[in-house]
Amino acid sequence: MSEFSDLTICKDAQIMLKKAQEEGIQTAWDRLKKQEPQCGYCELGVSCRICAMGPCRIDPFGEGPQLGVCGADADIIVARNLARMVGAGSASHSDHGRDLVLVLREIGLDKTSNYKIADAAKLMLIAKEYGINTDKISEGETARQLAEAMMEDYGMKKGILSFISRVPKQRIDVWKKVNVIPRGIDWEISEMLHRTHMGVDNDYVSILLQAVRSSLADGYGGSMIGTELSDIIFGTPQPGFSEVNLGVLKEDQVNILVHGHSPIVSEMICIAVEDGDMLALAKSKGATGINLAGLCCTGNELMMRKKIPMAGNHLMTELTIVTGAVEAIIVDYQCIMPSLGQIAQCYHTKMYTTSDKAKFKFMEHVEFTPQNAREQAFKIVREAVENFSRRDKKRVSIPCTPVRSMTGFSVEAIVAALGGTLTPLIEAIKAGKIKGAAGVVGCNNPKIKHDYGHVELIKGLIANDILVLTTGCVNVAAGKAGLQVPEAKELAGPGLKEICGALGIPPVLHVGSCVDNSRILVIACALANALGVDIDKLPLAAAAPEWYSEKAVTIAFYAMASGIYTVLGVMPPIGGSTKVVELATSGLNNVFGACFAVEPDPVAACTLITSHIALKRKDLGLGV
Amino acid sequence: MNIVIIGCSAAGLSCLDTLCKISPQAHVTVISAERYSPYSRCLLTYYLGNMMTEQELTISTPSSYPASVRFILGQKAEKVDTRGKSVRLSNGMECEYDKLLIAVGADAVKPKYCDEEKRTFTLRYMDDAKKIAAKLKGKAVVSGGGFVGIKTAYGLLERKIKTEMVITSSYPLSMVLDESSASYIEKDLAQMGIGIITNDDIAEINLHQNDLKVCLSSGRVLESDFVVAGKGVKPQVDLARAAGIKVNEGISVDEYMETSVPDIFAAGDCCETVDLARNKVSLIGLWPVAVEQGYFAALNMSGNRSRYPGSIGMNSLKTKAFHLISAGILKGEPGLKVYEKQMFATKQFRRIAFRDDVPVGMAFYNCPEEAGLFVNLIKKAQPLLVRPQKVVNGDVSISDILKPL
Amino acid sequence: MKTVIVKPERCVGCHQCSFECAVTHSSSKTRMGAISEAILSKPRIRVYLSSGKENFPNKCRHCEPAPCEMACITKAIYRDAKSGIVLINRDRCINCGMCAMACPFAVVRYYPYVRNRESAHKCDQCIDRQAEGKIPACVAACKVGALLFDEVNKIMDKDTEKLASLIYMGIRERVPEPGNFASLVAYKQKLNEIRRRQS
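Protein chains in written order, with numbering that gives the first Met the number 0: chain A, 0 to 623; chain B, 0 to 404; chain C, 0 to 198.
For the record, the hints were derived by calculation from the structure and aren't laboratory data.
Among the clues, some could well be false.
[Unchecked claim] Reference listing, derived: stretches of chain C covered by chain B, where coverage requires no fewer than 3 residues with Cβ under 8 Å from a Cβ of chain B: (1) 69-82; (2) 102-110.
[What the hints assert, rightly or not] Quick partial rundown of chain C residues pointing at chain B, CB under 7 Å, derived from the structure: (3) Tyr47; (4) Leu48; (5) Ser49; (6) Ser50; (7) Cys62; (8) Pro64; (9) Cys95; (10) Gly96; (11) Met97; (12) Ala99.
Everything numeric in this text was worked out from a predicted model, so none of it was measured.
We put the beta carbon where it would ideally sit given N, CA and C, even for glycine.
I would like the entire structure built from these sequences, with the hints used as guidance.
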């Protein structure tokens, strides 16, 4: 087992990795080993595949070529590659948000009976924010008008994103100065692709500023729309308890997993598994019930709203199949490893794709539309239940019992927990009981010991009285480590412990999926507005200790551009350009009041964040 | 088996090292007239220039060899008795041999005016270098524009000695280079501060109350504190000739490095072998070639019959300002066609001479990287399948050159 | 004795071998460290492209006898008795250029290795890595089997002396295998054909 404890800190993962090895299943860790050493040029970002005069690469050791065929040097190539990553990440979140806009419009046009408005109050609030006069129109009409106003955010009619109004004035001035206020979500993303075409933008600073702008189009655009509409359609999350780790799978029940990011599909599955007929069918097959659990961010969406348990995060997805206890996995899009279909072939597990955008080998495609979603969900759940009889009981291994975890901390829920305003939080920060807050977000990456980066950093932060907000794959890591229950206050510093005790909340708050990083932006903006200062003056920080995806780069970019110091646990592919590295790790400070740091060691990353927060407190005249 | 090696420089030492590897049971006696541990003769100018110490010149120590190897240093081999198979040393000692290698090297050519009393030296042995080092001061005249002359002048320059070179021909390195290649070197030498007087020679040297006057054929008189003559070398053949071994310019050997007398081999600067570029037997007084010959002599002396393919003249001359690698013949033969590529911006040139599509000579200036490739091509005398100008331009990948070989 | 065997027909020209070579010969031995050192580490293996668009990884063959070792006037170049690897004692090297002149494979370069000191650079068959039980960095980096680390004798046994001499030249089979890169090979052959037609 010791060889696996080098790979992951999670007991359930270690046991499953051993089982995988015994059963000849290859996981991301095995495949990483086969890839190593990975391409050095790509790791440093000095390879370019943008055009067919290439592929080109710059020799970082000075003996070989220093310019691509087009004449681009290392700085340009690194900047272009990084900017394209940001553009892709922004596109992913925003396209996810677009799907929610489309569902909202269908609801408004009364073209779907499957989806309804769950939080009408929030619909009214957001519609007002969009300048829609809701007084004389119906709920449906409001939904339609809001959806269409949001479509304009995606387009080029408005010239500025609506949610920019939430940003403190000082911050907007910062953005104005360098011309990075996002005009339209799709606009910024396609301009990003345009600028990085050969022969367009060849000033690395200018390229990276557009990357900032397209990241803001995500944070204050696509992602924020995604979060707010998910709340409107499926309900604004409220605090409550659920469970995490592979132990949430039930040996005597039909286990169905949802994987991906959008709640549109998983919410429907959630309805289908609770259906009486389905339950009866399950019982007829010898199961005691139907058990639904989540993976990755769609799991987070369900957990936040429906308290559905979570089986695991990104690196656990393959291992859930290895338990041999999963009847079906329904995926939508993003972060779904193409290996899953192959691995499922080795078990009885059936896999379903649901989006036209995301199709996989060895998975059955069941297209979900707002009109047929319910029907399709029932079809899949029925097949999953029927699949229970194909389960090979000898190969089933559920390695542990689940851990309790608290969830549901939407902005509204946090404000409610504080008694209606942010003032108690501000007072606690001023009094030094809470030194500051940090968003620990991001993915898993087999290059970093699984969940170690997350858990160690969070433990360090809360011990230093820093309130931690988690999104994405970090939630499962923190939940499994027992950090997301009110009792975890014992691990916090005295001040944070007192506040958590008084409010009955954990020191590590589950605020949602990765699009829900927009919730952190909303809180940051609200705090800054309440204090009348810019965000970069606040004792805040962000960290992505185990990030892997392009979306994470985008999140890091919009956090930094919002004035939040961001520590990355994995080096982005920029090492080949000293200028870009210098800009990212210090130069940005002069523009945005925040910059990046790269620190793979979570203990050192914790020191970076605590000293940054101490500095910000000092500047605000607060006790350190 | 008793093996005696006379001479303990490149060829002798290479032969000894090879024997130790392939024939460890042999008893080897190494005789050297010099009293020093084996050292690298090519580095004497570095020693003179204070760029290396005497210690650093030493390339091997007698104590590092197994007991079967005996060194006799500071004794000259006086006579070889080919019938009795023994060598008599200057101290009267007799060394019997089953196989003998004569690797006594070459001596510096001493012009008429050479006279240590008149502080005029040649530079061939450690003792020479020490004598010159003792007289180092102020100004120097170096006569001869070959590799030794230039290296000596460069060494003296490193010691801040104002040096003038007197060259008989109209440009330096005239034995190996053509005029236009040499013009680069002439310019670089001048820029480093070495004076060059061409088309002239030393006629006479006079010593007047400790002042040295160097009179040139042209009538010019140079003031100098000392003079070093680098006028080439001549093989030491007296020992071989007296023993009845066939001698032309150097000791004559067959392709197995064996002389006209069985069991007596010769290698290094004292013998003559095939020059592959010129396609005739000649003297190639050169460290790497001597090492090769010593290696092949060892193979054949120990019964591993191996044909020595011959070599070519080549040299590498590196100073702070330039790096020249030349090999084979670049001029002075009918049918030679020279292709060149000059890169003025980087002060580089590549020049390759062809005889019927076969590369026979080259000079690379400040671009040593691929030089060995062409040296090897010249040795192999294989016609190139690609256009020579493209090769010279560097437009042909080395894989295209290497693959057909 | 194991050595690096080059199979050029399998090379895809990714240059990872030279990259990892430079990293492994740097002082930090990490990528980020290596590219920010004051004196940049340099690769000892290079990938050339033939006129027929075939890739040709070229490195020191550790010849026996080694022309560079024979040409070295300071005896800075020597053969490690145990491993047979031809090595350079950088402190003895005076950059005279003799080894570059002698090397028939053009693998010697001259670079600074500490402040104000240059030395000849060439492959050391990763003797340090081998001491740690690892294979040479270039072989570890090669994902397509163009660089192998194996017993020379084992491969020589398989065929005639001709094959052995081909290995000495770094070429084992002259006919490119179709393998996984069939379409790439076909494309390159097509390019070759067009080139021939034009000339």
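Outcome of the hint check:
no., hint, result
1, 69-82, "holds (count 5)"
2, 102-110, "holds (count 7)"
3, Tyr47, "5 Å, holds"
4, Leu48, "6 Å, holds"
5, Ser49, "4 Å, holds"
6, Ser50, "5 Å, holds"
7, Cys62, "11 Å, violated"
8, Pro64, "6 Å, holds"
9, Cys95, "5 Å, holds"
10, Gly96, "4 Å, holds"
11, Met97, "5 Å, holds"
12, Ala99, "4 Å, holds"
This entry does not satisfy hint 7, going by the numbered hints stated previously; all others are met.
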